[in-house]
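99 is the number of the first residue of the sequence shown in the numbering used here; add one for each residue after it.
The hints are simulated quantities; they were obtained by calculation from the structure and are not laboratory data. Owing to the predicted nature of the structure, the values given are computational and were not obtained by experimental measurement. It cannot be assumed that every hint is accurate.
[What the hints assert, rightly or not] Cross-link-like lysine to any residue pairs, in silico, SDA-like; alpha carbons within 20 Å at most:
hint	residue 1	residue 2
1	K240	Y181
2	K127	I149
3	K202	I149
4	K127	P101
5	K202	I214
6	K240	G161
7	K127	Q142
8	K202	T224
9	K202	M109
10	K202	R177
11	K127	Y148
12	K240	Y108
13	K127	H150
14	K240	F143
15	K240	R177
16	K202	I184
17	K127	F143
18	K240	V187
19	K240	L227
20	K202	Y181
21	K240	Y164
22	K127	V145
23	K127	L137
24	K240	A154
25	K202	W139
26	K240	M109
27	K202	I178
28	K240	E172
29	K202	V152
30	K240	L230
31	K240	V152
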Amino acid sequence: MMPGQVRVVYMTLLLFMALSGFGQMPIFKRYYIADLPGLGWLAQFYVTHYIHYVGAAALLAIGAYYLTRYLVAERSRRRISPYGAIQGVIMLTIVITGVLRVIKNYEGYYLSSGLIVFLDILHLLTVMLFLLVGAWGLLARKRWTTNR
């Protein structure tokens, strides 16, 4: 895929991750958004659940590709910018909280209810922070890496 195509896939994935993530909460049904033609799937928990899992796997694959490409081919001539470091830490927090939220669903693993609520809120807050910082980065034309 060309870089422009990856960007379109990435932005589309972010849109569906946001929709399916917020779909895990019953807000689309509660506020009648799911009653709009074509949006009924937003109120179906398992549909949004699986979309979120598939989207997370795709985002992890894209992230692994770009991180590997940077470490193998570009590290000698490029460095991570302060903006890229901030976004990287935010994304790492999202991944860690997301993985812990997946683990809590497996039988045999126990997380206290307080920890689960903390992980849910931290996951939601870091996603919102990621979207805000990402929007700022787009508007300010920030890059994840700079030339050495």
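Outcome of the hint check:
1. K240 / Y181: Given pair K240, Y181 holds - Cα atoms ~7 Å apart, limit 20 Å.
2. K127 / I149: Given that 20 Å is the threshold and the Cα spacing comes to 17 Å, the pair holds.
3. K202 / I149: holds, 19 Å
4. K127 / P101: With a Cα-Cα distance of about 37 Å, the restraint between K127 and P101 is violated, given a limit of 20 Å.
5. K202 / I214: holds, 8 Å
6. K240 / G161: Holds, at roughly 18 Å.
7. K127 / Q142: holds, 9 Å
8. K202 / T224: holds, 19 Å
9. K202 / M109: violated, 28 Å
10. K202 / R177: violated, 36 Å
11. K127 / Y148: Given that 20 Å is the threshold and the Cα spacing comes to 18 Å, the pair holds.
12. K240 / Y108: Given that 20 Å is the threshold and the Cα spacing comes to 17 Å, the pair holds.
13. K127 / H150: Given pair K127, H150 holds - Cα atoms ~18 Å apart, limit 20 Å.
14. K240 / F143: violated, 36 Å
15. K240 / R177: Measuring from Cα to Cα gives roughly 14 Å; hence the hint holds.
16. K202 / I184: violated, 27 Å
17. K127 / F143: holds, 10 Å
18. K240 / V187: Within the cut-off at roughly 16 Å; holds.
19. K240 / L227: holds, 16 Å
20. K202 / Y181: Cα-Cα ~32 Å, so violated.
21. K240 / Y164: holds, 17 Å
22. K127 / V145: It holds: about 14 Å lies between the C-alpha atoms, which stays within 20 Å.
23. K127 / L137: holds, 10 Å
24. K240 / A154: The hint is violated at about 24 Å.
25. K202 / W139: Violated. K202 to W139 sits at ~25 Å, over the 20 Å cutoff.
26. K240 / M109: holds, 16 Å
27. K202 / I178: violated, 33 Å
28. K240 / E172: OK: K240 and E172 at ~18 Å, within 20 Å.
29. K202 / V152: This hinted pair holds, its Cα atoms lying about 18 Å apart.
30. K240 / L230: holds, 13 Å
31. K240 / V152: violated, 28 Å
Hint violations for this structure: numbers 4, 9, 10, 14, 16, 20, 24, 25, 27, 31, all remaining hints satisfied.
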